[in-house]
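Asks: Just need the whole structure built from these sequences, with the hints factored in.
Residues in the sequence shown are numbered from 1 upward in steps of one, following the numbering used here.
Please keep in mind that the hints were generated in silico from the structure rather than gathered at the bench.
Predicted model, so just to flag it, every value in this text is computed and none were measured.
Straight-line C-alpha distance at most 25 Å; calculated DSS-like pairs for lysine-lysine:
#1 87 with 56
#2 137 with 56
#3 137 with 23
#4 87 with 135
#5 87 with 23
#6 173 with 184
#7 189 with 173
#8 56 with 39
#9 56 with 23
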Amino acid sequence: QQLGYPHILVQVVSYESGYVDLKTWSHIVSGWEAELFMKQIESIPDIQLVPGQRAKAIAHILLRGDQLYAVQASIQNTHERNAALRKVVSLYQQNARLYRTTMNEPAEIWPLYEQAIALVIFPGYTPADIMAAAKYKAYLPAGVSRHIVHGRALRVNYPIALLHDAHTRLSEKNHALRAWLQDKLAQRKVRYYAEATYQFDE
1 QQLGYPHILV QVVSYESGYV DLKTWSHIVS GWEAELFMKQ IESIPDIQLV
51 PGQRAKAIAH ILLRGDQLYA VQASIQNTHE RNAALRKVVS LYQQNARLYR
101 TTMNEPAEIW PLYEQAIALV IFPGYTPADI MAAAKYKAYL PAGVSRHIVH
151 GRALRVNYPI ALLHDAHTRL SEKNHALRAW LQDKLAQRKV RYYAEATYQF
201 DE
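Replies: Following this line, the structure appears as structure tokens:
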């Protein structure tokens with residue numbers, strides 16, 4: 001809408017389809033002083049750091065020296081949890097370098113990220129949490145929810161001028177899209193990878 005596009009190309013996948021796994025990323029915080037990082041977290045209003053693991057923590061912080069802290073906040077619902085997490089993540093986004101990871105073993109993480117000072121670990125979300133967050137604009141911090149879409153379409157590179165066209169009806173655009181997809185398949189330009197992969201050209 002901001003760009004004046006009447007239509008956009010999307011891949012729609014339902015949580016109930018069985019093709020979506022909902023997980024969370026962990027954050028590697030790098031390029032900052034650990035002591036200053038912890039002091040800044042503690043300075044956030046209504047946020048407390050408690051040594052050890054706590055069941056109701058909104059996150060946990062594992063320092064490079066293997067000290068574990070629970071990030072606690074006075075919250076009543078997912079909306080308030082997301083708001084508290086946005087403050088925490090925003091703080092180190094602005095002052096450090098953030099890397100998302102699925103690794104959870106410190107022995108694997110620290111050698112790969114020499115300037116890393118901490119690993120921030122988030123508890124899981126449910127599909128209902130994600131839907132409510134979008135519906136009520138109680139947004140999660142960037143890089144926390146991790147949707148694994150089996151059969152996810154990448155690098156579609158559909159002609160953007162066709163989407164920007166305000167004179168062609170939606171039904172005609174969808175017909176053109178189907179023809180475009182059929183042509184891609186006929187030329188064997190669509191490839192499916194069933195295995196997990198790493199991409200080194202991002």
